[in-house]
Every structure is written in C-alpha cells, then in structure tokens.
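J.: Each chain, letter by letter, is given below.
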Amino acid sequence: MDILTVSLIASTLVAATPLIWAAMGGLVSHQAGLFNFTLEGLMLFGAFFSVLFGTLTGNVWIGILLSGCVCVLLSLIWGWIVIDLEADQIISALGFILLAQGGTVFMLNAMGQGGGIFSLVQLNPIKIPLVHDIPLIGPVLSNQTALTYLSWLLLPLFLFALYRTPFGLSLRATGERPEAAEAAGINVRRMRYISVAITGFCCAMAGSQLALGLLAMFTDNMTAGRGIIAFAAVIFGLHRPLQVFLVALFFGFAGALTDRLQGFGLPSELLLTLPYVLTVLALCVAGMQSAFKRRVGA
Amino acid sequence: MTVQSQMGNLAAEARARRSLARAWNALQMPVIATVAGLFVTSVLLVCIEVNPLDVYAALLRGALGSLFGISSTLRWATPLILAGLAVSIGFKAGLFNAGLSGQIYAGGFVGSLIGFGVTLPWGLHPVAAILGGGLAGATWAFIPAIMRRYLGASEIVTSLMLWYVAIGIADFLVRQFFRDPTSAAFLMSVKVAPSAVLPSIFPVGNVSVMIFVSIGAAILLAHFMARSVAGYEIRMTGANPAFAHYSGVPIGRRMVLAFCLSGFLAGMIGASESIGINQRFVSQFDPGFGFDGFLVALLANGSIAGCIPAGLFLGILKAGGSEIERTLGLSKSIIWILQGSIILFVSANRLRGYLAWFIGRLRGR
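Protein sequences, first through last, are from chains G and S. The working numbering puts the first residue of the first sequence at 88, with every later residue one more than the last. The working numbering puts the first residue of the second sequence at 1492, with every later residue one more than the last.
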C-alpha cells in the first residue's frame, strides 16, 4: 500500500462524510413513505447556519447544534406542506431547494457579504491514540473530524433503531402500509413528522461537515449537487441503512477518484457522471426484476 | 323577443357563468400561491428594513417601464414559455419531466454543434440548428420514457439523473474537441457560423424570432391536445391510465410520445439560447430554466395556452430582477425566494380549504 492509495482513502472518507449524513437522514423519510427530495436544500441551510451560529457563539458545537435545530424547523415546515397541506412532494421539494439557494444568498447579502463568509471556528481533526499508531492506515483513519466518526456510528444506530425497536417497526409500517399502520394504532401523521425532523437534523450535520470540516467557510451554493447525489444514494440503496451507507461511501470514493484523476489530466467530467449513471442502472435492474417477478409469479 | 331567443340568451349566460367559474377554479391555486410567495418575500424584506412596495415597483419599472425592459421581458419569456409547455405536456400524460435541464443541455450542445460544424444557407441554418437541438432533447427524453414504459422505473428520478449525465458528456466533448482556444477560465465552444446566428428583432436587447415560435408552439399544442386524437389519448392516459387502457388507447406509446414531445421543446430552448443569445455553446449556460418551467406550468395549472401569460409573468420577474439589483442594491436572490415559495405552495391544494375555513370564521364573527 503506497502513499497514493492511503491519501485516496483519506479523501474518500472526507468526501463521503456529508453524503453519508444526508443519505442516512434521507432514508428515514423514505422509510416513512415520503419522497424526500429536499436534502440538497437542507444541506445548504445547514452549512450556512453552522457557520453563522458557530461564528456568533464562538463554539463550534453550539453552532452545529443550533444549525441542527433550525434545519429541523425548516424541514418540519416542508413536512407541514406535504403532510397537512397535501402538496406534491417533488414539486414542493424543488421549491424548497430554490428557497434554500435564494435564502442563503439573501442572508449573506443582508449581512453585507457578497460571495461567502469565513467561519471563525472550525471542526478540528481528532487523533485517536491507539488507532493512530497503526502503520499507514492509522493516520488516515484517526485524523478525521468528530462528525465523520459520528457518521460511522449512524449505521449501527439506524440498523438497530429501524429493525430492533418498536419505533422502527412503526416507522417502516407507516411507509409500507399507512392504512394498516393506522389501523394498528400508529399515529401515521406523527411518525411522518418525526421522520422529516430526523432528516432535517442529519442534513444539517452534512452541511456542517461541509462548511466547518474542510474550509471553515460558507460560499454561495456550496453543496453543488451533493444533496442530489445523497438522494441518488437513497434510491440506489433502496432506502435500507446498510446499502445506503455503502452506496454513499462508494459515491464518496468516486468523487475522490475524480479529483485524483483530474490531477493526471484524465477526463473528470465523465467520471463525475458515475453516481448518476449507476442510479439509472439500478432503477433499470430493479424494474427488470419486478417485471420478471410479475411474469413468473403472476 | 321570442321565447326561443330568450332561452338561448339564458343558456349563453349560464355557459358564460360556468366557464368563468371554471377559469376562477383553475386560477385559484396559482393566485393563492403567488400571494403566499409575495407575503413570504415581503416579510423578509421588512426584516432587512426595505420597503417591499419599493421593490415591487422597481421590478415592474425594470420589466415594463422602458423599451429595453420590455425586450428583456420578452427575451426571458421566450425560453420560459417553451419550458412551461414542456412540463405541461408531461403533466397532461401524468408524467413529471424533472430532467428538463438535461434535455435543454443536450439541445444546446447539438444546436451549437450544427451551428459551427455545418455549412448551410442563411435562412435554413438556424432552423436546422433549432430542429436538431429539439431532436437531441427528444432523444435524451426517450431514455427515461422507455424505461418508464418497459421497466416501470420512475421517470422523475431517471430523467433527473440523466441531467447530470448530459452535462458530463457535453462538457467532455466540448473540452476535448470544440473548445475555443482563446477562452481561458470558462469552458466554451468556438463561435457558431454567422449564418446560424438568430438576429435580434428589436432595436435593443436580445429578442429573436423565437418569441413567435414559442407563442406559436403554445397555440399549436393547445389545439393538438384539445382537438386531435393523439392529444385526446394523451390526456386520457394522464387522467385515468386504466380506463384509457381498457378503452384501447396504447397508453405506453402515448406516454413515450408525450415525454419525447416534452424533450423536443426543451431541446429547442437549449438550441435557441446557444445560437441566439450566446452564439456558442457555453458550459452551464442554463440559468435554471428547468426549475422555471415547473413554475410556469404550475401557474398555468394544466392549461397549455395558459403557459403564455405564465411565461410572460415569470419573464417580468426575471427582467425586473436585474433592475432591483441595479437600483436598490438588493441581490436577485429575492426573486429566487419569491419563485421558491410560490412553487412550495402552489400544489398545496389543502391550502384552499384552510383559507375558506379561515374566511368563513372571519365572516362569522
């Protein structure tokens, strides 16, 4: 294992962290039967508010938590529009993304900043003592931000919460058979609101990592389609935690590989399309499977 | 007056009242959503101590107050009407073309390719470029359409993903083969041949004959959907697929037709932007016509001809946006916020019920 591979792993982990947070958050809404396309907008809001509150309070964690609270509120507003006002989920999500792009730029301008703001605080990489001493991989695995470690913990947490707790059972029932869930005494409306709130919080973490983990600044439209890739990961991973986690990791790897190959002068544009092509192929395969089942099972 | 003519008058009156009621019914949600959007924007403007009325006045002045303003409104309305039509056609067939931007991008690439790669006489060259761009858009829309037909894959997700694929492929080809050697920072192709350029028909601004093409397309499509067999079958497919299927309508083929038609219109936007405005292929040239197309279609609320006024309305917003920026020092982001909040609320049908309840309570007290 040479130094190139090690640094590729390092940049994969860095690129994958926001994708993992956003995709894992998004799958909760999908499990509850909501087609949540707002991830991109929520990430953008999350990135902006983490920089804003972090700088205002001078503490990076208070900033991130406050940003999480604001995103939960914003996400609940979208939830109200689709759950109670029964708006079209995709159309209103597109409006939400546009609102996020306009809203963050509007607030930047209101503060007298043109293209972006620098953050006075930053998420510092944490060295884990024992892991750090492993040769080659050690420095890569241990020099990550706290949000990266937390994103790894999301996988066991979600697997447990979704498949081993009454809450998870209710959530999945809400998504699969809302009528049956209602009949079984589950408050479908409340479950959906909770799922949307979780999505909002996770996307805020994704945005915070993006803004405070790497650059310590917020720039206009800094998510640049990462929320859409995270949404693709939710679809590609069939909104199951393990699959979605691995797909997000893979998309992060594809992104890191793209940056690397760009350095060698290879066409990066085509490589950047990889997550999207894969998602289309996944939908093809899923469609073929169900078409096959229909024919055989009839 | 004879009894017969009296009855005829009554019938005509009733018909007029009914069509008025239908128009009001169709306009209700767009109007409510626009008011809600204006409310959200006004609140934000008051928060930063700007008078919202000043902003809206500047917006109208910028869009309609001068010849330049009017030409700029028409310039934006041209692609916006087409984009609205493209989305509306999809809606009619019960499909959601979320990847409009991808088809616009494909159309822009092929349109400019024909512009600089082929030699044709003056009148024919732009026509070939626009039609070529339209065909490219239709081809790009064909992929999600057949995936929907044969595999049942959601056309929303696939067409959206193919947007990014279109950007990747077009940018790659331009960088490799057609890049303008003098361009440094921005990725753009060489200029199109002079014979392919769509000239401006106004003394100022950038309005090309495409405005007539847009309006003509709207009228033509409205007629097609209302009066032709294929149009009727498309509407039936969207309204009730099962019923259409058992009535013998080939719903799969009608879906693909509607989606490709939508892609064709989107491709025309890309081509006309490339040969009319930029006169070359510029990477990321599309300032979000895909999003704007949804807004136009949603404001038109299912009416094809309604895309013309809705497109003009959005054109006013776009043209007025730069005036706001210039005179009041506000950024255009306020226009995005307005658009975003209108889209957010426009499909919220329950809002109508809540409003009626609210108004009823106000009256009751």
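Errors might be hidden in some of the hints.
[Stated by the list, open to error] Computed list of lysine to any residue pairs in SDA-like fashion (alpha-carbon distance at most 25 Å, straight line): (1) G:Lys-380 <-> S:Arg-1640; (2) S:Lys-1823 <-> S:Ile-1637; (3) S:Lys-1823 <-> G:Leu-301; (4) G:Lys-214 <-> G:Thr-306; (5) G:Lys-380 <-> S:Ala-1733; (6) S:Lys-1823 <-> G:Cys-371; (7) G:Lys-380 <-> S:Pro-1732; (8) G:Lys-380 <-> S:Ile-1637; (9) G:Lys-380 <-> G:Ala-369; (10) G:Lys-214 <-> G:Met-304; (11) S:Lys-1682 <-> S:Ala-1733; (12) G:Lys-214 <-> G:Ser-229; (13) G:Lys-214 <-> G:Asn-146; (14) G:Lys-214 <-> G:Ala-369; (15) S:Lys-1823 <-> G:Val-372; (16) S:Lys-1823 <-> S:Ile-1850; (17) S:Lys-1682 <-> S:Gly-1696; (18) G:Lys-380 <-> S:Arg-1744; (19) S:Lys-1823 <-> G:Asp-307; (20) S:Lys-1823 <-> G:Ser-98; (21) G:Lys-380 <-> S:Leu-1611; (22) G:Lys-214 <-> G:Leu-244; (23) G:Lys-214 <-> G:Asp-307; (24) S:Lys-1823 <-> G:Thr-306; (25) S:Lys-1682 <-> S:Ser-1794; (26) G:Lys-380 <-> S:Leu-1642; (27) S:Lys-1823 <-> S:Val-1531; (28) G:Lys-380 <-> S:Phe-1804; (29) S:Lys-1823 <-> G:Ala-369.
[Stated by the list, open to error] Reference listing, derived: stretches of chain S covered by chain G, where coverage requires no fewer than 3 residues with Cβ under 8 Å from a Cβ of chain G: (30) 1640–1652; (31) 1661–1670.
Everything labelled a hint here was simulated from the structure, so no lab data went into it. Keep in mind the model is a prediction, meaning the values are calculated, not measured. Even for Gly, the Cβ is constructed at its ideal location relative to N, Cα and C.
J.: Indicate, hint by hint, whether the structure satisfies it.
T.: Here is what the structure says about each hint:
no.: 1; hint: G:Lys-380 <-> S:Arg-1640; verdict: holds (17 Å)
no.: 2; hint: S:Lys-1823 <-> S:Ile-1637; verdict: violated (39 Å)
no.: 3; hint: S:Lys-1823 <-> G:Leu-301; verdict: violated (29 Å)
no.: 4; hint: G:Lys-214 <-> G:Thr-306; verdict: violated (28 Å)
no.: 5; hint: G:Lys-380 <-> S:Ala-1733; verdict: holds (21 Å)
no.: 6; hint: S:Lys-1823 <-> G:Cys-371; verdict: violated (40 Å)
no.: 7; hint: G:Lys-380 <-> S:Pro-1732; verdict: holds (22 Å)
no.: 8; hint: G:Lys-380 <-> S:Ile-1637; verdict: holds (19 Å)
no.: 9; hint: G:Lys-380 <-> G:Ala-369; verdict: holds (16 Å)
no.: 10; hint: G:Lys-214 <-> G:Met-304; verdict: holds (23 Å)
no.: 11; hint: S:Lys-1682 <-> S:Ala-1733; verdict: violated (50 Å)
no.: 12; hint: G:Lys-214 <-> G:Ser-229; verdict: holds (5 Å)
no.: 13; hint: G:Lys-214 <-> G:Asn-146; verdict: holds (20 Å)
no.: 14; hint: G:Lys-214 <-> G:Ala-369; verdict: violated (38 Å)
no.: 15; hint: S:Lys-1823 <-> G:Val-372; verdict: violated (43 Å)
no.: 16; hint: S:Lys-1823 <-> S:Ile-1850; verdict: violated (34 Å)
no.: 17; hint: S:Lys-1682 <-> S:Gly-1696; verdict: holds (20 Å)
no.: 18; hint: G:Lys-380 <-> S:Arg-1744; verdict: holds (23 Å)
no.: 19; hint: S:Lys-1823 <-> G:Asp-307; verdict: holds (13 Å)
no.: 20; hint: S:Lys-1823 <-> G:Ser-98; verdict: violated (35 Å)
no.: 21; hint: G:Lys-380 <-> S:Leu-1611; verdict: violated (53 Å)
no.: 22; hint: G:Lys-214 <-> G:Leu-244; verdict: holds (23 Å)
no.: 23; hint: G:Lys-214 <-> G:Asp-307; verdict: violated (31 Å)
no.: 24; hint: S:Lys-1823 <-> G:Thr-306; verdict: holds (16 Å)
no.: 25; hint: S:Lys-1682 <-> S:Ser-1794; verdict: violated (38 Å)
no.: 26; hint: G:Lys-380 <-> S:Leu-1642; verdict: holds (12 Å)
no.: 27; hint: S:Lys-1823 <-> S:Val-1531; verdict: holds (15 Å)
no.: 28; hint: G:Lys-380 <-> S:Phe-1804; verdict: violated (49 Å)
no.: 29; hint: S:Lys-1823 <-> G:Ala-369; verdict: violated (38 Å)
no.: 30; hint: 1640–1652; verdict: holds (count 10)
no.: 31; hint: 1661–1670; verdict: holds (count 4)
Violated hints, in rising order: 2, 3, 4, 6, 11, 14, 15, 16, 20, 21, 23, 25, 28, 29; the structure is consistent with all others.
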